[in-house]
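**Q** Residue strings, one per chain:
Protein chains: 6
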Amino acid sequence: MIPDAVLLPLIDRALAEDLEGGDLTTEATVPEHTRAVARAAARQELVVCGGEVFERVMQRVDGKLVVDRLLDDGTVAKPGDVLWTVEGAARSILMAERTALNFVQRMTGVATLTKTYVDALPTGSKTRITDTRKTTPGLRSLERHAVRSGGAHNHRDSLGSAVMIKDNHIATAGGVKMAIESARARAPHTSRIEVEVDTDAQLDEALAAGADVILLDNFPPAGIAPAVAKVAGRALIEVSGGITLERIPELASAGVDVISVGALTHSAPAADIGLDIAPLPETS
Amino acid sequence: MIPDAVLLPLIDRALAEDLEGGDLTTEATVPEHTRAVARAAARQELVVCGGEVFERVMQRVDGKLVVDRLLDDGTVAKPGDVLWTVEGAARSILMAERTALNFVQRMTGVATLTKTYVDALPTGSKTRITDTRKTTPGLRSLERHAVRSGGAHNHRDSLGSAVMIKDNHIATAGGVKMAIESARARAPHTSRIEVEVDTDAQLDEALAAGADVILLDNFPPAGIAPAVAKVAGRALIEVSGGITLERIPELASAGVDVISVGALTHSAPAADIGLDIAPLPETS
Amino acid sequence: MIPDAVLLPLIDRALAEDLEGGDLTTEATVPEHTRAVARAAARQELVVCGGEVFERVMQRVDGKLVVDRLLDDGTVAKPGDVLWTVEGAARSILMAERTALNFVQRMTGVATLTKTYVDALPTGSKTRITDTRKTTPGLRSLERHAVRSGGAHNHRDSLGSAVMIKDNHIATAGGVKMAIESARARAPHTSRIEVEVDTDAQLDEALAAGADVILLDNFPPAGIAPAVAKVAGRALIEVSGGITLERIPELASAGVDVISVGALTHSAPAADIGLDIAPLPETS
Amino acid sequence: MIPDAVLLPLIDRALAEDLEGGDLTTEATVPEHTRAVARAAARQELVVCGGEVFERVMQRVDGKLVVDRLLDDGTVAKPGDVLWTVEGAARSILMAERTALNFVQRMTGVATLTKTYVDALPTGSKTRITDTRKTTPGLRSLERHAVRSGGAHNHRDSLGSAVMIKDNHIATAGGVKMAIESARARAPHTSRIEVEVDTDAQLDEALAAGADVILLDNFPPAGIAPAVAKVAGRALIEVSGGITLERIPELASAGVDVISVGALTHSAPAADIGLDIAPLPETS
Amino acid sequence: MIPDAVLLPLIDRALAEDLEGGDLTTEATVPEHTRAVARAAARQELVVCGGEVFERVMQRVDGKLVVDRLLDDGTVAKPGDVLWTVEGAARSILMAERTALNFVQRMTGVATLTKTYVDALPTGSKTRITDTRKTTPGLRSLERHAVRSGGAHNHRDSLGSAVMIKDNHIATAGGVKMAIESARARAPHTSRIEVEVDTDAQLDEALAAGADVILLDNFPPAGIAPAVAKVAGRALIEVSGGITLERIPELASAGVDVISVGALTHSAPAADIGLDIAPLPETS
Amino acid sequence: MIPDAVLLPLIDRALAEDLEGGDLTTEATVPEHTRAVARAAARQELVVCGGEVFERVMQRVDGKLVVDRLLDDGTVAKPGDVLWTVEGAARSILMAERTALNFVQRMTGVATLTKTYVDALPTGSKTRITDTRKTTPGLRSLERHAVRSGGAHNHRDSLGSAVMIKDNHIATAGGVKMAIESARARAPHTSRIEVEVDTDAQLDEALAAGADVILLDNFPPAGIAPAVAKVAGRALIEVSGGITLERIPELASAGVDVISVGALTHSAPAADIGLDIAPLPETS
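Protein chains in written order, with our numbering: chain A, 1 to 284; chain B, 1 to 284; chain C, 1 to 284; chain D, 1 to 284; chain E, 1 to 284; chain F, 1 to 284.
What the hints contain is simulated information worked out from the structure, not anything from laboratory work.
One copy or two, it doesn't matter: identical chains are merged, so the pair holds either way.
Computed list of lysine-lysine pairs in DSBU-like fashion (alpha-carbon distance at most 35 Å, straight line):
{"no.": "1", "residue 1": "Lys115", "residue 2": "Lys166"}
{"no.": "2", "residue 1": "Lys115", "residue 2": "Lys78"}
{"no.": "3", "residue 1": "Lys115", "residue 2": "Lys230"}
{"no.": "4", "residue 1": "Lys78", "residue 2": "Lys126"}
{"no.": "5", "residue 1": "Lys177", "residue 2": "Lys115"}
{"no.": "6", "residue 1": "Lys126", "residue 2": "Lys230"}
{"no.": "7", "residue 1": "Lys126", "residue 2": "Lys177"}
{"no.": "8", "residue 1": "Lys126", "residue 2": "Lys115"}
{"no.": "9", "residue 1": "Lys166", "residue 2": "Lys78"}
Model the full structure from these sequences, guided by the hints.
**A** Okay, here's the thing in structure tokens:
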């Protein structure tokens, strides 16, 4: 459930981009009363995502379009599977088609790529795959939803919801300890304090200062297991930087709690979904 | 030059997503009067894109930040090249960093991918590579700019600016000829009429009806050169569907005028750009 | 079908202008449960336009108002003809009345003026009357719709959809030929290239450079037929500047393809439409 | 002084309409660094209006454009008089030109038409010409400003600022007296109560109930002077409906206080203002 | 009836503040198909206000939520009284709960505080209690509605609807008389002219210049009755500044027409309303 | 530093509310070129808050107004202390005055009330006072800033940034343990899990399930110290419900970590700040 208050501004903006000047072709060639049914079908194996967005795009072009969501977000679809159908005025469906697909192909693409990372975890692993704040400007809420549809988790949603202390913060704050203390004094008590460490010495300092989460950013692969051993459950351990699908099993086996992957949202290719439209006999 | 009227709504929306609740970490650890300079540097070979957006994001967080754009959009940068710098309050730079990078990494990613397609054209080829309407919802104007930065061309910008007759339009209009005539009657005289054909018979029909552009969508590779020969300059020929980098030389050699590639915008991976921030001595 | 995504921002802005502070009079004098029916009737001969806008304004004040559109956009109505009716809470109808009429009187005014120009064309003429970009700021999509309701055509919808090279462009580009070539290199292949010429020499140059459309702007009347003869079908010919109703037949007879008339949108007087409201017995 | 908070949404909306997809022609033909100066000049006698809007449109496309306003709003300009100049990047001026002119031609048109009504008042007359709420949707604040520039006055600005009791209100409220009393009980003490009367009996009733302003709507011309005599200063008298320029002197002489004219805003033709652009030598 | 055009922007903004990042807790713990009914009940004696806002907030999160408004705005509720109920998906109700309550607790708080001032008037008093423009930024229309729900009246709704001449205006205009005349010349004939006076001499001047309303701002209590006597019905008299509940009876008895109280909107404590949620058996 | 992207929509909305129809009084009485300086001064002891908002409101009416912020947010001001000054066109200052004050009186009111709670903590206490999500709709970011200016802390900023499990969640999730586990599985690893407990048994359950924060909501005063003893540092303890200033010392002494107080934002009276405006000699 994404509230209209959050969803409609995104949809309206996208529709206006494409339809502010009307749809020359459809208005000219499709009679006003022609009705149709369209089926959004997977053209590749994919993780379904965006059914609610699909429905609202259609209805924001024409409130009388009726959408049926056959597969829930998060379901794996095979090529040919029908995800959603829409029925109503053929004109409206054609006008909404591209915008609706642009949304859901992106969301499904993110979900599908995400699942490959999740599937790469060893069976029974407690390691989480998460997204990052490297999301498409304006579409963060949709992409975070897509990451969850793919079976992974979200990182903090914004700069205001949790603390992440990076090298620049450490430098201006006067060291890891000072930075952690300042942040804890400022942050809501509901937020954890995460700190990025580059060296073993900083790791010690972060532990001593009571960091809740420690981020090993671009840490040398060989250093990760020892770091996990040293932390010994006193903090959560996140790794990021240079993460590839191939490294997931090894990182999970090393015992890290979280692997954050920017590529889930910044580089997911669109999934292939087609909309097959068939005219309906006019209702009398 | 993208007018503020077009650009600021996109930027404000993206900044609000990340900063509505403030920046817990930076507010806690970076003193208000600390100044810094930051350099946005390429971490891979890439085609520069988004300098204007980078500047406006920075200034929309803090109107006193000063941006210097060292490399123009469209320039090829090598790893390590500095694209743009920004100087001012360290807090402001840190708060704007992620949003600014999210924009420009996407734009640069599109430009960089686009250039690989353009570079695949045979020397001296008159064939155009173009984008499609498969753009990120809300960011079409930025992505079209990125495609041009990469050396390619834009397709029509919206459903209201030119005619593209597809199979569904043909079906409801009662054939290719009828569809073209209806569309010509409706469209501005400044818009060309493009029609998608699937078969040789439709191609004949489209030519007979005076289509300005003919789209061979998912045409069998072997059928393209004969189609070009048949059209013989009476219309522009566009191909789309299943276009890969490898097919570009052959398609260009076959004499098509336009190759449209949805992947330029729907599946470009983000380019890697880093922002290196260094504190400045306080001005007295 | 104008999508809500395009229409509602216009309507909401207009309603807020009038109703942000409530409706002092109606709230004071009309009981909450009084119901009414209102008939929007022509008070002059006019071309109907804006039924969809009328309906959405009413519903955006009160989602329970029911609108019946008796006459389609583009129909000619005689004085007294009822265009649309609305039924529901009397308060809501009275609050929406002025805003709804402000929209449709303007749209109908444009459609009605447009029809006088279209009717001035000789029978069987293939010449088009078109609008221009001289539209009311913010209402372009509605006014273009009104122009079509009046039987005329639209010109390009924005600076981004087609090329129109004017004197300033020619001057900075280094001549007609250079300007056309630069524009063709930049424009989508779906856009035609139109160039404005002031002299016979420029006309030759434009033809030689392959302009798709030639605009004779403020050309001397005596020069138009010769220009048409010279072009001889190699380009479309548009005339503009100083167009009056009286000149339409002669311009059409001279064989021009397009006559663009800024006055259709920038100087159309509002059409006279009244809303007659009658109370209904309360439903029990 | 129209605050940016009020003005920029109008301007941004209008610019986006025209420039969302860029300016194909200007980007192709005008070099980025070419500078120009443009002069907005009257091509007819007109009342200047919209200088502030002209300036902000220019700056909203390009913050570096410098506008000089030579003639204040409300000034009468002769054909050829330069109203405002703008200097800066030629590209920016060309991109902003049409939108800026669309605003000011409308505002100037309203001001110019208004002045003809004001000038029709007998010398020394205390009668006011006013606008109505029949304004262009979304542009009310600009059009009210234009009416004042033309020397006339504004009517109430919205349904929330003053009371105007019309026939439908009287009918549902149970008579003139009841309607006035209900309205006075509801309205702010800063708002006057105006009531529309159709008959002499209603006029008596309105006076008895202490109406502050009485509107004689579509009153027979012969009835107006007697009504003025009867009212004898106990209320302001407004006339409206079927007002033409020719009737102004007689209505003023009859002693009415206010003549409200919907046509000032709903049917003013655009005034003719041209923008003459001249390139400037590049600054070194 | 507050039109959606006015209400939805306020609601959407508030919902986005809270729900842009989803509702972590509810999504995790409440099954999608669990249904519930919730009752908004008074936890103190209060004046009901905001039923329409409550309903629209709920529906803007989930269009399928059904709200029943049991008590009208303006009703006095005792502790335990149910004001409104909402039924539908438990998730949706929980997501909307806080935002809905934030609106209505404020509105009810204003209405409830207002009633204490109104109740302090002597029986049969004709003195009005009014609000001021000291409203919460962005929520003026809702708070003015709340003031009326509490039985008081509104002052002018904005700087554009009526004239209020204060000391700074008098100083720059060159005296009370000049200020009143300038204002009358500028203001719509539907607006009254109110002038603030600090001294007896200014009061004389204001009366002489024909002010419609005279504001005695921070006047010494002993000076009010004499001022009322002097004015003797020639203008309305408003008092403001340092108004406390205790002073209401005496001010009313002194015969002032209007007592304006900024505290009604700027300092009303929220009223206590609870939302009791009970699960419903799933419909099969 | 609140970015314009976050701040301007709030400010523009508030200014439009008041100024959409202009400022009748100021436009009539204050000459365009009159300049003034205004001083915003405390009229009570207060905690300064909102300097940045004051400045941006002024500039959003007139970009040439110059604001000087004499006292930083968070400073205690005595009656008569000047907080900020603004200099420029008198008209602009007068038009912006009320809106600017409406913002800062509310913000300062919240900061001032907050400080009374913070000051009530015993010296050296480690207990935090925090706000809640009971903020004014649309103004959450400003009010949270004000709470910090008053020396207190913020709670989670939205439903998306941390977990707070309440009775309804527990009921539908199937118990405290299940709810905590579901929430932990869903929430970002950067968010703590807070759970509200009503009974001692629930407290045990929450501790066993590893809750990070335990909320004793409306717990009997006598039960708090024992609960603190039982928790013994295994979780943070927050109390809320029925918190009054008088109870703060005792709650702090009982050792709770957090006392959350809805009244800080939902019931803070506005602080009294006056704007004293003095004309300046015109610059020649």
